[in-house]
Amino acid sequence: MSSDNVIVKQKVDLKDAVAIAEKGTHCGMCRFDFLGSGVCPAGRKHGFLAYWPQGRMEIVQQLDSGRVKPTEKLKDIVDSCNLCGICDKQCNFTTQLRPEKVAKALKEYVDSLDPSEFQSVPEDNILQGLREIVGEEWATNDPVISSSYTMTILPPNSELNYYVVMPENTEQVSKIIKFANKNNVPYLPRSGGTAFSAAAPTVLAKGLSLEQGIVIDLYRLRNLEIHPESYTATVGAGITMFELQKEALSHKLRALAAEAGAHVCSNIITTGIISTWGNKYGAFADNFIDLTTVDDEGNIKKHSDWERNNPYATEPGFTNLNLTPPGIVTEAVVKLHPVFDDEEAVLVPFDNIRDAYRLLIKLGKRDVGLSLAVLSRKYLAEFLSPTLQISKDFDYVCKNYLKLNYVVAVICNKDDKKIVEGMADYTIDQSLMKSLILGAPRFSSLRDSEFMKILSEEEDPLKAIFAGPMRSHLEKALDPSPEQVSKVFDEDLQDFFKKVYSKPEMTDIVWLHAFRILPTRMMRQQMFMGPGASMWTGDEDHYLNWIQMFDDTGEKYNLEHSLGFISPLDHGKFAYMEYDYYYNHNDPDECDRISKSLIESMKKTLVMGKGLTILNYLYKGIYRKEHVLYPIPEAISEEEQELFDELIDTVLGD
Amino acid sequence: MVKFLSEEWIEIGKNYMLEQLDPVKDLRSISTSLLGVVEHIPPDGATMNFYLELEEGKLKDFIVNTGSTFEEKEAAYEIRGNYGTYKSVLQGEMSLGIAVLKNRLKVKGSKMAALKLIKPLDGVIVSLQEITDEFEE
Numbered sequence: 001m002s003s004d005n006v007i008v009k010q011k012v013d014l015k016d017a018v019a020i021a022e023k024g025t026h027c028g029m030c031r032f033d034f035l036g037s038g039v040c041p042a043g044r045k046h047g048f049l050a051y052w053p054q055g056r057m058e059i060v061q062q063l064d065s066g067r068v069k070p071t072e073k074l075k076d077i078v079d080s081c082n083l084c085g086i087c088d089k090q091c092n093f094t095t096q097l098r099p100e101k102v103a104k105a106l107k108e109y110v111d112s113l114d115p116s117e118f119q120s121v122p123e124d125n126i127l128q129g130l131r132e133i134v135g136e137e138w139a140t141n142d143p144v145i146s147s148s149y150t151m152t153i154l155p156p157n158s159e160l161n162y163y164v165v166m167p168e169n170t171e172q173v174s175k176i177i178k179f180a181n182k183n184n185v186p187y188l189p190r191s192g193g194t195a196f197s198a199a200a201p202t203v204l205a206k207g208l209s210l211e212q213g214i215v216i217d218l219y220r221l222r223n224l225e226i227h228p229e230s231y232t233a234t235v236g237a238g239i240t241m242f243e244l245q246k247e248a249l250s251h252k253l254r255a256l257a258a259e260a261g262a263h264v265c266s267n268i269i270t271t272g273i274i275s276t277w278g279n280k281y282g283a284f285a286d287n288f289i290d291l292t293t294v295d296d297e298g299n300i301k302k303h304s305d306w307e308r309n310n311p312y313a314t315e316p317g318f319t320n321l322n323l324t325p326p327g328i329v330t331e332a333v334v335k336l337h338p339v340f341d342d343e344e345a346v347l348v349p350f351d352n353i354r355d356a357y358r359l360l361i362k363l364g365k366r367d368v369g370l371s372l373a374v375l376s377r378k379y380l381a382e383f384l385s386p387t388l389q390i391s392k393d394f395d396y397v398c399k400n401y402l403k404l405n406y407v408v409a410v411i412c413n414k415d416d417k418k419i420v421e422g423m424a425d426y427t428i429d430q431s432l433m434k435s436l437i438l439g440a441p442r443f444s445s446l447r448d449s450e451f452m453k454i455l456s457e458e459e460d461p462l463k464a465i466f467a468g469p470m471r472s473h474l475e476k477a478l479d480p481s482p483e484q485v486s487k488v489f490d491e492d493l494q495d496f497f498k499k500v501y502s503k504p505e506m507t508d509i510v511w512l513h514a515f516r517i518l519p520t521r522m523m524r525q526q527m528f529m530g531p532g533a534s535m536w537t538g539d540e541d542h543y544l545n546w547i548q549m550f551d552d553t554g555e556k557y558n559l560e561h562s563l564g565f566i567s568p569l570d571h572g573k574f575a576y577m578e579y580d581y582y583y584n585h586n587d588p589d590e591c592d593r594i595s596k597s598l599i600e601s602m603k604k605t606l607v608m609g610k611g612l613t614i615l616n617y618l619y620k621g622i623y624r625k626e627h628v629l630y631p632i633p634e635a636i637s638e639e640e641q642e643l644f645d646e647l648i649d650t651v652l653g654d
Numbered sequence: 001m002v003k004f005l006s007e008e009w010i011e012i013g014k015n016y017m018l019e020q021l022d023p024v025k026d027l028r029s030i031s032t033s034l035l036g037v038v039e040h041i042p043p044d045g046a047t048m049n050f051y052l053e054l055e056e057g058k059l060k061d062f063i064v065n066t067g068s069t070f071e072e073k074e075a076a077y078e079i080r081g082n083y084g085t086y087k088s089v090l091q092g093e094m095s096l097g098i099a100v101l102k103n104r105l106k107v108k109g110s111k112m113a114a115l116k117l118i119k120p121l122d123g124v125i126v127s128l129q130e131i132t133d134e135f136e137e
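Same order as they appear, the protein sequences are chains C and E. Under the numbering used here, the first residue of the first sequence is numbered 1, with each subsequent residue one higher. Under the numbering used here, the first residue of the second sequence is numbered 1, with each subsequent residue one higher.
Simulated from the structure, these hints should not be mistaken for lab results. Just so you know, even glycine gets a beta-carbon here, dropped at the ideal spot from N, CA and C. Among the hints, erroneous ones may be present.
Simulated crosslink set (EDC-like; lysine to aspartate or glutamate; CA at most 16 Å straight-line) [unchecked claim]:
1) C:K104 with C:D16
2) E:K106 with C:D295
3) C:K178 with E:D44
4) C:K252 with C:D342
5) C:K69 with C:D13
6) E:K116 with C:D645
Only some residues are given here: those of chain E computed to face chain C with a beta carbon under 10 Å [unchecked claim]:
7) L101
8) A113
9) A114
10) I118
Take these sequences, add in the hints, and give me the full structure.
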């Protein structure tokens with residue numbers, strides 16, 4: 001029997017929202033203003049990941065799976081979102097997703113719940129202690145908030161037995177660590193979370209994540225000061241590379257550039273800032289003047305403290321693995337570099353890796369250019385294309401018609417440009433790159449066209465297109481314009497993207513290299529794992545054999561795979577290489593194959609020698625490159641292989 | 001089943017290891033000594049340590065002390081960590097190896113040499129897991 005005054009609420013189905021949310025890859029681009037569209041006001045105000053678009057996407061999945069139940073805090077989270085649509089603009093640029101639909105569905109879901117369905121979460125002694133340190137607002141044990149950190153610091157299936165705390169200064173970080181130790185509670189710092197998000201669906205998840213305890217979210221450490229007179233910047237742990245770069249550029253200066261969303265301090269301690277600008281600007285400890293760190297006893301130290309033991313050295317050898325950082329960098333004083341008026345981009349196209357590599361290392365050893373890299377065809381296609389399908393077609397055209405498989409990308413001043421042009425038969429200039437960005441949809445639509453078929457019959461299609469009469473035909477066919485490229489976006493966003501693509505920086509290859517907002521497109525609706533290495537360049541065949549090994553491993557496990565980039569460092573004596581395996585993070589079989597390929601390639605690299613894989617320099621970015629890269633590692637012995645196998649079992653088998 | 005770091009824990013642990021572990025098969029005939037330092041023991045945050053010595057895979061010494069040092073003998077390795085971490089290891093929630101790699105347990109000396117010990121020490125850890133069921137809260 002029903003009563004008229006009893007309203008039976010129908011729970012809103014989250015299925016459609018989950019379908020969007022599960023394609024998210026936690027890139028974190030919604031947490032800073034890279035398009036000039038503003039940034040999520042709720043996230044900016046409340047800080048906790050749950051209040052950001054990225055966090056709402058995770059919460060929807062966690063609620064739908066039943067891992068977390070609605071709490072009183074969930075109401076506050078949905079109420080904080082005014083559906084302003086900023087997240088749609090940002091996310092659509094990189095991933096073509098619409099997080100606002102997820103936020104709206106979450107609101108409707110919460111509205112549909114009966115008040116009795118919201119759990120209240122009592123404060124316990126640990127939470128009380130944390131709140132005494134940071135203030136009531138900035139510490140929580142709410143499982144909905146904790147759940148939003150899944151895949152960026154928490155493993156997918158742990159019990160949600162966590163606290164999240166957001167300190168605002170180094171002293172608070174120190175107090176939190178002392179408090180955690182005293183109470184025997186594990187902790188782990190979190191910045192952008194993107195490094196872990198690539199590992200989370202793989203076997204590495206357990207080793208690198210926090211199994212229970214305190215998540216120290218460093219977002220509130222947002223000090224950023226530029227010191228033009230000393231060419232330095234003081235950067236708090238909550239500052240992204242984009243934010244630093246933007247502020248530096250306003251003083252006509254530039255920082256060594258990691259991905260736009262990478263947090264400067266955590267990037268330094270994790271792997272050091274790996275960048276195409278490293279040959280000129282340095283690597284590992286070259287990039288900072290000083291660090292403020294908090295060690296695992298809660299002691300605050302500076303690298304510049306003259307009394308302390310050498311903070312720049314670390315034990316050499318392949319067993320020196322670390323799955324957590326040696327401390328928390330709360331603030332860094334980083335080096336900045338001058339921006340020159342005559343900087344330009346020049347790209348040299350190649351059909352084969354050997355010739356591209358040879359030119360790159362030659363330029364690196366001669367210290368030509370500011371930014372130097374071999375970029376693969378796949379990178380070019382992903383970066384320049386506004387949608388996933390366009391990137392696939394772009395890649396197809398480059399591969400099958402142009403035989404454009406690699407470019408040596410150089411950012412340099414005009415004197416160095418002459419040197420590069422003198423070493424190459426033909427180059428791609430800034431003007432043509434601009435056309436490729438604004439004409440990417442047309443370029444990709446040329447697959448199966450007569451124009452491309454004719455071009456592919458040329459003896460040297462690259463020369464014909466970049467240095468011959470076909471160039472003007474191509475530019476005409478591309479019809480490059482902001483209007484044209486904006487048409488591939490959802491109709492309601494086209495005006496916005498027309499304005500975005502009209503901004504000079506969006507087609508300025510120098511700016512794009514420095515601000516690195518495009519690499520996140522590699523993570524659009526799929527994940528990638530880039531088991532790279534830093535390798536000695538003294539033996540060209542050996543270097544190229546490493547690349548071949550990664551290629552063979554990708555084939556063996558039937559993964560979409562490609563070289564990402566190669567970039568020299570230390571005057572061309574070493575070069576970073578990133579080899580990428582792409583996978584669907586929602587497909588358990590693909591995740592399993594990714595895991596196997598990682599382990600296998602890791603083992604093979606040690607047997608090959610003369611290089612350090614990313615696992616070997618993980619959490620060593622605060623040390624001098626001379627201590628990390630030297631002695632150049634030799635291939636390990638059979639006995640050492642056994643030990644490494646045991647180590648890998650330890651990392652994975654817990 | 002006994003309480004971690006109690007006198008009983010030592011006695012039963014000794015007997016268990018002597019009776020249950022094969023020096024060659026389980027402990028790979030290793031000769032080494034290790035000082036485990038346990039910090040922040042509830043309720044008052046005290047520090048204790050245990051000294052364990054193996055000779056050709058046979059348990060030679062297993063002693064518990066208060067404080068962070070053991071004056072009588074010098075251990076080849078020192079592993080230091082808080083009570084919660086040791087508890088996680090002894091409850092089987094975390095392996096010794098991953099505790100070291102996650103820096104929850106800090107090894108004094110060469111990490112390479114210490115990690116070489118982890119496999120042979122598996123038997124000791126399993127033994128201690130078998131006998132330990134009570135912890136300070």
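Hint check:
1. Among the hinted pairs, C:K104 with C:D16 is consistent with the structure: their alpha-carbon atoms are about 11 Å apart, no more than 16 Å.
2. For a cut-off of 16 Å, the pair hint linking E:K106 to C:D295 stands: about 13 Å separates their Cα positions.
3. Between the alpha carbons of C:K178 and E:D44 the distance comes to roughly 15 Å, so the proposed pair stays at or under 16 Å and holds.
4. Taking the CA atoms of C:K252 and C:D342, the gap is near 13 Å; set against the 16 Å cutoff, the hint holds.
5. Our distance criterion of 16 Å between C-alpha atoms is met by C:K69 and C:D13, whose separation comes to about 15 Å.
6. About 11 Å separates the Cα atoms of E:K116 and C:D645, which keeps this hinted pair within 16 Å; it holds.
7. Annotation: E:L101 was flagged as interfacial toward chain C, and the flag holds, the nearest CB pair being 5 Å apart, inside 10 Å.
8. Taking 10 Å as the C-beta cut-off, the interface hint given for E:A113 holds, the closest approach to chain C being about 9 Å.
9. Among the interface hints, the one on E:A114 holds; its C-beta lies about 9 Å from the nearest C-beta in chain C, closer than the 10 Å criterion.
10. At about 6 Å, the closest approach between the beta carbon of E:I118 and any beta carbon in chain C falls short of 10 Å, and the interface hint on this residue holds.
Checked against the numbered hints listed earlier, the structure breaks none of them; every hint is satisfied.
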